[in-house]
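Each chain sits in its own coordinate frame; assemble them with the hints.
Protein sequences, first through last, are from chains A and B.
Counting with full-length UniProt numbering, you get residues 1 to 449 for the letters of the first sequence.
Counting with full-length UniProt numbering, you get residues 1 to 422 for the letters of the second sequence.
Just so you know, the hints here were simulated from the structure itself, not pulled from any lab data.
Do not take every clue at face value.
Said to hold, decoys possible - Calculated cross-link-like contacts (lysine-lysine; reagent style DSS-like; alpha-carbon spacing at most 27 Å):
1) K25(A) / K172(A)
2) K9(A) / K390(B)
3) K13(B) / K430(A)
4) K362(A) / K310(A)
5) K4(B) / K345(A)
6) K390(B) / K203(B)
Said to hold, decoys possible - Chain B side only, calculated, beta carbon under 7 Å to chain A, not exhaustive:
7) K18
8) T52
9) K271
10) V336
11) I393
Please read all numbers here as calculations on a predicted model, not as lab measurements.
All C-beta atoms in this analysis are idealised placements derived from N, C-alpha and C, irrespective of residue type, glycine included.
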Amino acid sequence: MSKDIRIKKGLNINLIGEAEKSISKAVVSNVYAINLLEFHGITPKMLVKQGAEVKAGEPLFYNKDVEDMLFVSPVSGELIEVERGARRRILSLKILADKNQESIAHAPVSSSSSAEDIKALLLKSGCWPFIKQRPYDIIANPEVAPKAIFVSAYVTSPLAANLEFSLKGKDKEIQAALNALNKLTPGKVHVSIGKGENSIFSGMEGIELHKVSGPHPAGLVGTQINRIDPINKGEVAWTITPQDLVVIGELMLTGKYNPERVIALVGSSVKAPKYYTTKIGSEVSTFLYASGVNSKNFRVINGDVLTGIKTQPDGHLGFYNNTVSVIPEGDDYEFFGWNKPVFNKISSTRSLTFSWLQPKKKYDLDTNTNGEYRNFVLTGFYEEVFPLDIYPLQLLKACMVQDIDEMEQLGLYEVAPEDFALTEFICVSKQPHQQIIREGLDLLYKEIG
Amino acid sequence: MSLKNNLHQLKEKYRGKKMAPAFNALHTFLYSPNETTHSGSHIRAVDDLKRTMNTVIMALVPVLIFGIFNAGYQHYAAVDAANGIIREASLFGNFLTWDNFIMGAWTVLPLVIVSYGVGLAIEFLFAVMKGHEVEEGYLVTGMLVPLIVPVDTPLWMLAVAVAFGVVIGKEVFGGTGMNILNPALTIRAFLFFAYPTWMSGDKVWVHQAVDLAGGPDAISGETVLGFLAQGKTSEMSYSVADMFYGFIPGSVGETSTLLILLGGLFLLFTKVASWRIMVSAVAGSLIMGLIFNVAVSAGWITETSTFYGLMSFEYWKHLLVGGLAFGIVYMATDPVTGAQTNRGKWIYGFFIGLISVLIRVFNPAYPEGVFLAILLMNVFAPTIDHYVVKGNINRRLKRAKNAMVLPTDGEGKAEKLKAETV
Chain A
1 MSKDIRIKKG LNINLIGEAE KSISKAVVSN VYAINLLEFH GITPKMLVKQ GAEVKAGEPL
61 FYNKDVEDML FVSPVSGELI EVERGARRRI LSLKILADKN QESIAHAPVS SSSSAEDIKA
121 LLLKSGCWPF IKQRPYDIIA NPEVAPKAIF VSAYVTSPLA ANLEFSLKGK DKEIQAALNA
181 LNKLTPGKVH VSIGKGENSI FSGMEGIELH KVSGPHPAGL VGTQINRIDP INKGEVAWTI
241 TPQDLVVIGE LMLTGKYNPE RVIALVGSSV KAPKYYTTKI GSEVSTFLYA SGVNSKNFRV
301 INGDVLTGIK TQPDGHLGFY NNTVSVIPEG DDYEFFGWNK PVFNKISSTR SLTFSWLQPK
361 KKYDLDTNTN GEYRNFVLTG FYEEVFPLDI YPLQLLKACM VQDIDEMEQL GLYEVAPEDF
421 ALTEFICVSK QPHQQIIREG LDLLYKEIG
Chain B
1 MSLKNNLHQL KEKYRGKKMA PAFNALHTFL YSPNETTHSG SHIRAVDDLK RTMNTVIMAL
61 VPVLIFGIFN AGYQHYAAVD AANGIIREAS LFGNFLTWDN FIMGAWTVLP LVIVSYGVGL
121 AIEFLFAVMK GHEVEEGYLV TGMLVPLIVP VDTPLWMLAV AVAFGVVIGK EVFGGTGMNI
181 LNPALTIRAF LFFAYPTWMS GDKVWVHQAV DLAGGPDAIS GETVLGFLAQ GKTSEMSYSV
241 ADMFYGFIPG SVGETSTLLI LLGGLFLLFT KVASWRIMVS AVAGSLIMGL IFNVAVSAGW
301 ITETSTFYGL MSFEYWKHLL VGGLAFGIVY MATDPVTGAQ TNRGKWIYGF FIGLISVLIR
361 VFNPAYPEGV FLAILLMNVF APTIDHYVVK GNINRRLKRA KNAMVLPTDG EGKAEKLKAE
421 TV
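Okay, chain B solo, but in the shape it has when bound (with noise of 0.2 Å):
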């Protein structure tokens, strides 16, 4: 009660001042603010963008902690493969063990630190500088970005992307709400573009392959994609189960696609994300990895084909490997950047999966298209409003033009209304 009372005279005090957005931010997380209507609605419905948001994070928390663990698994188990013993993944036998927690805590929370730490601090920078209360949408974000980074990015990367990403990405365009580009994609994409050398090849993607490489106790970290797309398929030894469970190498929180399903079914039924983007993008994803695998049956591609690898990977397994199931449930459905129309949404949604299947097979330098197609499709999403929009629109104008015929009332007027539009 007190604490309430002392909050409140507090926010008064604040009031107007330059650091009063920084007070709320914090205020707001605390109590949910004493607000009421001043125009329009006298009453309104409880959802607000703090709870939608924490909605999506929560979607994100079973793909973290499993991200967490499988940082670990996988380090232990390219040492010991690095010895000569192959390890066989078992979710209470070798995989939810401490000593796989405390490696992976130790690698990934340091990325949900940065990311937020500089994130949020930009956030709060702009808030008090354009007067504006503190926007929710780096909460998902901040969450994000550890996600789809490889576990060993170095942090001062990580905050340079950061910062980039949420400056260029998103601020310039006024916030969150007005902005093009997903977020988190462009701080991916900024990693990728900047850091080439770093951000690509075989070594990222475990904990300490980097740093152990070229020595006597070098270990290998190379993905599933990585393997396919080098053609060294009969050297990787991951079952289908091992790519459903997620133990298989990766970014931090790709790689499981049981939990990323639960997420996004979860997400469904909160009604938070479209169910329209995440169907049509699955079936984007399968028609097109159907036609590549058309096309090796055919015969037009043959096992010297470098793309031999990837093309002949049956299609429905493009959604177990890489980030294709996470960039469908939790950076596609993102509602700001992507197509706003119902009808735009099946497009958007089908050009993710089919583009995503495309970049990822055709990408000499990555295996990986998912970040690129999405990028790519919020950049075309309000292009496919509009032209579902026009639709709208000319209907309304057929409508005129047909009314205009019927002289409903007499002398003239039906000519008169033409002559207007005309």
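Next up, chain A with everything else stripped away, as it sits in the complex (with noise of 0.2 Å):
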């Protein structure tokens, strides 16, 4: 059975240096590094020393809160370096990689298993952490069951993968991932496809089959859950990404953690984007390079444009990600730049600026701020592309101001920060909305849990 969504609200972003569709295999890495700032809130604990040797899958830390959640290493070799920050707080994980590579096996589950015993071997090989919550936007808490679980397979992001492309051929793993998931919920897992696209979900079972059609942010899983299930104060869902079902998919099947996943290299500074078949963790300029990039002044984006985390071209692909941007860095004057006529940018107004006029022109869009950080001036904008059944305004000015009554009537329960990336890259005022929403977040979660 499959029911139509259609978003009406939105912009997509249109930019150049989408992917080619062919894929080479990336150069394997010497070091693989795992940045823990992308597990939000988690406090870890180490369970081995600088300079111990590991295998692959083999569990590098654990979780304080939940101490089951196990957190493991994407390869066998030395716990090399181990980065700490502020108040010796861990940054990232460094695995210098083995020639022999060994991996921990664990005993795959069978169509019998019962949901504690996939919940169990989710979490001690280290594939709980692609589970995500909504509330809060955190890995999911394995002790609350979810209403429902949501899978978006539907690509608005700026440059983002095409997921009928990377997935080819992984019907069987996704197939697995999502009977096991169908186990850990009372309610339904669903799955949002491209109205008209031919996604490898079309056939899938035990699901509950969305289609989708509208611009960015239609492929948000946070839009379809408005649309969907909404979640109410209490309620807990699920996310999940479709790149990441691959891996739970394989480790039901085989009993294996295969952190190996295909991902695209994109953005106007990559001289050829495609894909890449490459492992998470791994250094960017494995892949990076063998591609090439056009100038000097870049900046490399661990996800896609609005969302995504900047890294370097010595950084590491992310836990969760499959695209990799590389877009020019904005560091530069312009003259009169915030008067004269633009043609070659983006905007959502038509105060001397041209791209209403080509809708479906591509652009090459660097980093610049394009103009200084204000209070909230302008209104209404952010409606516009804001297709969730909340007031955006609002809900930011209530996150600023801490009001805890207002963040929780207003809908915060229902967003992740991500949600707020159209809006935050519209704002004429240049306020850190996606921040705002974080800090929010974390708020309510810090009082009320």
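The following block contains the structure:
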């Protein structure tokens, strides 16, 4: 059974540098890294010491609050660095890979396995962190069963990897993962695909299929939750990305944690944007320089340009993403940039900006803010690109003044920072929306839990 | 190239110093800054506040230029009228002339200079004192102020009013974006209430009318609304075309409905101003005007009534005279002080139109009510928004209640949830 969801509000950001549909195998990385900042809200407790030898899939640390939740090494090798920041907080772990890779094998699950078995396997194998929960947009709490699980296989983020291409041939793994997830919720597993797209998910069993159409953020799981089954106070929903389903599925079938995935290297600073097969934690340079860059002044982003995390060429592929974007840094002045007519940048108004003339044109945007930080002034613009049944400006202001009652009432439970990426993109006052929402969620979590 | 580098070095030199905001304000006028994104989205749309404010200013420039010519024209027309010559306004014949321009510029430009000079000086002062960047809000306010005051407003009065309006109307709340009342209208209201004898009456609307009053060369400067309020409808010689094109006395920028209409269309096209506010405000003023017309035609108000002149004025002509059109297009649409929700904007705009005409008709002292109506609705805008947002909150609460009835997950979790939220 499928249901159609049509999103009207939004904005497609068309950028230069879409990945060509061909896959290469990336050079094998020498050093792998785990960036702990990606696991928001987790207090890590180390299980091994610096210098220890670990196998692929062997636990490195666990979550202090949920001790069963393990985080594992993507490869076998030596833990060579534990990078710490202020107050000795662990920032990242680096592993020097061995030539011969060995991995830990767990017993695979069968169709008769119970929910408890599946949960235990996910937790000890290091795959649990792939499952995120709303409210709060954090790694799911294994003790609370979700009312439903949501997967978005409709991609609308700028330059994001094409799933039809990057998931090709992974039918078996994905079905296995969906079967497992189905046992973890008393509700449904909702999967959204693009309307008219030939998706790998259209043949899957045991899911509620939704066909979505419309501009970005129609592809964000938060938008779909809001339309399908909005989260109420006290409820929990889980979200998981299709590329992470592949890793979970393989675990279910073979009992092994295999961090290999297909990623898209995209962006206008890449000479030959295309797809690569690599592993979570690989150094970005192992595939970045294979495609080549066309300037010296660029920014590497783990993820898409709206929600990704800034990294360096010698940084490492993130845990969750299947896209690495490389765009020019915009650290230059522009003569009369505030009043001259603009043809080469995207605008949500028509104030001597002409992007409205060519909605399909592809742009080469850089990281310049195009203006300075100001108080909120204009109104009515966010609503044009924000399809959720929520007042975005009012929610942002509630978060800024830390009014917990109002944050709850206005629907902070339903959103993640990524839902505010587009309002942030068009914000005339250049306010940091995603950061404001993240801090609001953290405050709510701390106060209410 | 070298200018860019030199300025960059100067900026680095001033970084963190007290005068940095002042320097940056000038620097960013020449070059948009080299700032890159640090959190969240790595790319940003091109629009910033400077560009937005600049768009509004562009929409105001034609009105200002017309106001300059009209200031000169009205002066010479009044002088002629005092000598018994009745002028027929014609755009190229006797309106766009050098004499008019020079006379107008000589009276209007000082208003612009004082408004910007005093206002921006205070903005810079506060920016340096509080250590934030100079905000762009005053660029528009400074342009609006000379357009909504009578042409012969003494400059010292204007300076005092601007200082009051910027400090009390805006800076005490935290600057652009934080103010409750529209700063330009706060300035206008201050002028009106602080110097009522000067600001009302029939002399201030035409240059030199006050100076010459009582003498042998005395000239008149009555506005259309002034004629109507005093029931001297028959003495008024302005045609509907005069009112629409703007060849009538009044505040500097408010007379030309045509140019205001074009400016309004430009603002709507650029999406900078809210069409919801404009449409509903026009609707509100028409409805109020119609109510008064009906009251007159039903015979409830007779010619002996003080209000007869204004109440019998055809409803649609209210938009052509006084500051109503200017207020709706340029002031009611101020996003900071207006309603911020889309539904709220309908209500907000509608009441601005309604109350403007209401005050205009019933105000015994001064036949104009737009600025009071907008200020009043500025105060009520947060309340309107509160109830609009409340609708969303209630919908969410109702949804949560309904969801709890359905036990989607067994083991009495639904009941537990209910207990928690009650």
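- prompt: Tell me, which hint numbers fail for this structure?
  reply: 6 and 7
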